[in-house]
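Model the full structure from these sequences, guided by the hints.
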Amino acid sequence: MSTTVGPLLSIADVSIAFGNEHEPLCAVRSVSLEVEAGEVVGLVGESGSGKSLTCRSVMRLVAQPGRVSNGSIQFDGRDVLAMSPAELRAFRAGDVGMIYQDPFSSLNPVYRIGDQLVETLRANRGLRKAEARSEAAMLLERVGIPDPQRRLLSYPHELSGGMRQRVMIALATASRPRLLIADEPTTALDVTTQAQILELLLEMREQLGMAILLVSHDFGVIAQVCDRVAVMYGGHIVETGAVGAIYDNPQHPYTRALLESVPELEAAGRDRSEQPRPGIPGRPPELGEELPGCVFAPRCGYARPTCREVPMTLVPVGPAQASACPVQPFRQQEARA
Amino acid sequence: MTQQGGPVLEVAGVTKEFSLRQTVGERLSRSEPTVHRAVDDVSFTLQPGEILGLAGGSGSGKTTLARCLIRLVEPDTGTVRLGGADMLAASGAELRELRRRMQMVFQDPYASLNPRMTVGQAILEAGRVHRRPGSEDGERFVAGVLERVHLSPSFADRRPRDLSGGQRQRVAVARALAVDPEVLIADEAVSALDVSVQAQLLKLFVDLRDQLGVAIIFVAHQLAVIAEVADRVAVMHEGRIVELGETATVFGAPRDAYTKALLAAHPRPNPRTKQEVRT
Numbered sequence: 007m008s009t010t011v012g013p014l015l016s017i018a019d020v021s022i023a024f025g026n027e028h029e030p031l032c033a034v035r036s037v038s039l040e041v042e043a044g045e046v047v048g049l050v051g052e053s054g055s056g057k058s059l060t061c062r063s064v065m066r067l068v069a070q071p072g073r074v075s076n077g078s079i080q081f082d083g084r085d086v087l088a089m090s091p092a093e094l095r096a097f098r099a100g101d102v103g104m105i106y107q108d109p110f111s112s113l114n115p116v117y118r119i120g121d122q123l124v125e126t127l128r129a130n131r132g133l134r135k136a137e138a139r140s141e142a143a144m145l146l147e148r149v150g151i152p153d154p155q156r157r158l159l160s161y162p163h164e165l166s167g168g169m170r171q172r173v174m175i176a177l178a179t180a181s182r183p184r185l186l187i188a189d190e191p192t193t194a195l196d197v198t199t200q201a202q203i204l205e206l207l208l209e210m211r212e213q214l215g216m217a218i219l220l221v222s223h224d225f226g227v228i229a230q231v232c233d234r235v236a237v238m239y240g241g242h243i244v245e246t247g248a249v250g251a252i253y254d255n256p257q258h259p260y261t262r263a264l265l266e267s268v269p270e271l272e273a274a275g276r277d278r279s280e281q282p283r284p285g286i287p288g289r290p291p292e293l294g295e296e297l298p299g300c301v302f303a304p305r306c307g308y309a310r311p312t313c314r315e316v317p318m319t320l321v322p323v324g325p326a327q328a329s330a331c332p333v334q335p336f337r338q339q340e341a342r343a
Numbered sequence: 003m004t005q006q007g008g009p010v011l012e013v014a015g016v017t018k019e020f021s022l023r024q025t026v027g028e029r030l031s032r033s034e035p036t037v038h039r040a041v042d043d044v045s046f047t048l049q050p051g052e053i054l055g056l057a058g059g060s061g062s063g064k065t066t067l068a069r070c071l072i073r074l075v076e077p078d079t080g081t082v083r084l085g086g087a088d089m090l091a092a093s094g095a096e097l098r099e100l101r102r103r104m105q106m107v108f109q110d111p112y113a114s115l116n117p118r119m120t121v122g123q124a125i126l127e128a129g130r131v132h133r134r135p136g137s138e139d140g141e142r143f144v145a146g147v148l149e150r151v152h153l154s155p156s157f158a159d160r161r162p163r164d165l166s167g168g169q170r171q172r173v174a175v176a177r178a179l180a181v182d183p184e185v186l187i188a189d190e191a192v193s194a195l196d197v198s199v200q201a202q203l204l205k206l207f208v209d210l211r212d213q214l215g216v217a218i219i220f221v222a223h224q225l226a227v228i229a230e231v232a233d234r235v236a237v238m239h240e241g242r243i244v245e246l247g248e249t250a251t252v253f254g255a256p257r258d259a260y261t262k263a264l265l266a267a268h269p270r271p272n273p274r275t276k277q278e279v280r281t
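So the sequence lines, in the order shown, correspond to chains A and B. Each residue of the first sequence is one higher than the one before, counting from 7 in the numbering used here. Each residue of the second sequence is one higher than the one before, counting from 3 in the numbering used here.
Fair warning: there could be bad hints in the mix.
Claimed, not checked - Partial pick of chain A residues on the chain B-facing surface, computed with a CB cut under 8 Å:
no. : residue
1   : Ala-43
2   : Gly-44
3   : Glu-45
4   : Met-65
5   : Leu-67
6   : Gly-275
7   : Gly-285
What the hints assert, rightly or not - Below, in silico cross-link-like pairs of lysine to any residue (SDA-like), each with a Cα-Cα straight-line distance of 25 Å or less:
no. : chain 1 : residue 1 : chain 2 : residue 2
8   : A       : Lys-135   : A       : Ser-181
9   : B       : Lys-205   : A       : Cys-306
10  : B       : Lys-276   : A       : Pro-287
11  : B       : Lys-276   : A       : Ser-181
12  : B       : Lys-276   : A       : Leu-214
13  : B       : Lys-205   : A       : Pro-287
14  : B       : Lys-262   : B       : Glu-240
15  : B       : Lys-262   : A       : Ala-326
16  : B       : Lys-276   : A       : Lys-135
17  : B       : Lys-276   : A       : Ala-326
18  : B       : Lys-205   : B       : Glu-240
19  : B       : Lys-262   : A       : Gly-275
20  : B       : Lys-205   : B       : Glu-248
The set of hints was computed from the structure by calculation and includes no laboratory data. Quantities reported herein were computed from a predicted structural model and do not represent experimental measurements. All C-beta atoms in this analysis are idealised placements derived from N, C-alpha and C, irrespective of residue type, glycine included.
What follows is the structure, given as C-alpha cells:
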C-alpha cells in the first residue's frame, strides 16, 4: 500500500513548547518515534509525560499557545509540518483517524449518529447522500453495532459508553485511514467493555491493514494489544522496545519502577508485610523545569553524579530495544522475576 | 464502643430504588414510573481492622451502597449498624456522632478539598467540629494528623492548588482521620492517580489498618487494586453482591459468572497472559 520505502510515520527529534519565544516551556523534548505500516505501537507514561501531546502533534492538533518548536514529522514520506491548509485537511480526512478518551464529548449531542456519519462521509469521501447512508450502516456493522439501520437514528445519549466509542471508531476509520491514533480510548470504560474495544481495534487492523498508535497510562492495556512500546517520562522517551522484552527486562530505571508499581491480580492473599509496592518517591518534573541531564535522575535510585550532566539519548541495549539511561544498571542483570 | 470480637459494621438487606424520569407519553397515560433498583438487598459485615474491597463495573451500585452507609443517600429498607448502634434510626447529635465514626474519602481530590482553606485549616475544622481531644492546640493537632498520612507538618500552610494529586488525596485521608473514625469508606480513592503514586497510597491504607486498626471499605472498579489491599472482596453486579469471600479465594477460584468475566477481561501487564473477551 505504501508508496515509499521506510516507516509509515516518522517523528524525528520533535519538541513541543508552550510560552513565548524567549522563555519556551518545553513539554516534549527531542522525541523520535517510528510506526511501520500495519504496526501497533504503544506510548505509555504517567500524566504530564507528554504522550498525548506527542500523538496530537502528528495531526497538527497541538492547541495554541503550544507549538512544535523543533523536529520533523513525516507521514509516508510527506512533511506533515509543511502541509498547506488544504493538504492538511485532506491528510486528516483520508490518511489518519483519531479517537479520544471521552466518547461522551466527541460526538455532537444534538445530531443523530447517522447524520454525523453521513456528514463525515460526504465531506471526506465526496459520497452522495444515499450512498453515504448505506455506507454509514455498513460502517456501524463493521464495528459490531447490532441493528445498524435503527442505530443510525439514535442520538449519542441513547448509547452506552462502549457503543459510543464504537461509533467513534466507525467515524475515525470511515475513510480507511492507514494510521489510527487512539488517545486513551478505553480509560473511561469498564474492563469488560475495554476488552471488547481493544479486540475491535485489533480486528480493524487485520481488516484494513492500518497501523495504530495507542496512548495509554495503563501498561496492561499496552501489553494486550501492542507490538512495540515507547515509555515516556518528563517529555522524553526513556525506553523503547518490543512489549515482551520491555516487560521481562526493562533497561531503564523508570520503566522498571513503573512496571513494579502496576497493581496485579496475583497480589491477592499475599502477605502484606512481605514486599509492599514501593511506588516512586518524589514527583515528576514540572513544565518549565530545566534539567540538563537525565529527567529521572532526581528520583532514581541508581543515579550517579554524571547523570545530571549528560544529555539524554537513546542507546541500543538489545535487539530492537533502546534505553536513555547512561548508567545501564540492569545491563548485565537477569530479567525481572 | 464496639462489643469485643463483634463486627464493627453490620449491613443487612439494604435496598435503594430510584424512579426514572418519565417521558411525556408515559406521564399522560399515568403509567407506573419505571424503577431502577440501584442497590438490591445487600448484606455484609465488616470486622475491626479489616479491609473489604467492593468491586464492580460502572452502574453496579457500589458507590450508591457506600453512600447509603453514611446516609448521603437514604436507603429505602434495610439496617446499617455501626458498633451496634442503628445508623438509619439515628438523627441529630446521635447521627453526627455516628458519622464521625464512619468517614468517607472520595475519588476526586481536586473537588473534595476547599480551595480557599489551607491544609491545616481543613484538618483542624474537622477536629474542632467533632470536639476531638487535642484540637485546642491547633498546630500540634494538625501535625499529628499529617504524620499519620506521612506528610510533614510544613504542609499545614499549603493550599490544595499547591499540592499534587497524590498529596491532595493524602490530605483528604488526613481530614477523615482527624476525627478518629472506626470505619473509613474509600470510594475510588486511588482511581484518579498515576500508578507510581497509587502504589504509595495503597501502602498508606494498609498502614492505617495495621497501625490504627481502622476498618476500611475500599470501593474500586479495578480488581488489581483491590487484590493489593483487601482481605475480603465483595463483587457487585446490578445492585447485588454476587460474590463475597477472601480476596485470594475469590480471585483464585471465582464462582460467579460475572466475577469470572471481570477477572478474564482484566488487562494483564504481562503480554503473554492475554485477556479474554466475553460477551
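Problem - Pairwise hint evaluation, Pro-287(A) against Lys-205(B), where the allowed Cα distance is 25 Å at most - result: Satisfied, since the Cα-Cα distance of roughly 13 Å is no more than 25 Å.
Problem - Given hint Gly-275(A) paired with Lys-262(B) - CA-CA distance at most 25 Å - result: 18 Å, holds
Problem - Restraint check for Lys-276(B) with Ser-181(A), where alpha carbons must lie at most 25 Å apart - result: Distance ~30 Å between Lys-276(B) and Ser-181(A) Cα, so the pair is violated.
Handout entry: Interface hint outcome for Gly-44(A) [beta carbon to chain B under 8 Å]
Key = 18 Å, violated
Problem - 25 Å limit on alpha-carbon distance, applied to hinted pair Lys-205(B) and Cys-306(A) - result: 20 Å, holds
Exercise for the section: Would you mind confirming whether the straight-line C-alpha gap from Lys-276(B) to Pro-287(A) stays at or under 25 Å? Expected result: Distance of about 31 Å is beyond 25 Å: violated.
Exercise for the section: Please work out if Lys-276(B) and Leu-214(A) have their alpha carbons no farther apart than 25 Å. Expected result: 23 Å, holds
Practice task
Answer holds if the nearest beta-carbon of chain B is closer than 8 Å to that of Gly-275(A); otherwise answer violated.
Solution key: 3 Å, holds
Problem - Hinted pair Lys-205(B) and Glu-240(B), Cα distance within 25 Å - result: Given pair Lys-205(B), Glu-240(B) is violated - Cα atoms ~30 Å apart, limit 25 Å.
Practice task
Would you settle whether the hint for Ala-43(A) is holds or violated, based on the nearest Cβ-Cβ distance to chain B being less than 8 Å?
Solution key: At 22 Å from the nearest chain B Cβ, Ala-43(A) fails the 8 Å test, so the hint is violated.
Practice task
Quickly compare the C-alpha distance for Lys-262(B) and Ala-326(A) to 25 Å and report which way the hint goes.
Solution key: 37 Å, violated
Handout entry: Restraint check for Lys-276(B) with Ala-326(A), where alpha carbons must lie at most 25 Å apart
Key = Answer holds: Lys-276(B) to Ala-326(A) is near 23 Å, not above 25 Å.
Consistency with the previously given hints fails for numbers 1, 2, 3, 4, 5, 10, 11, 15, 16, 18, ordered from lowest to highest.
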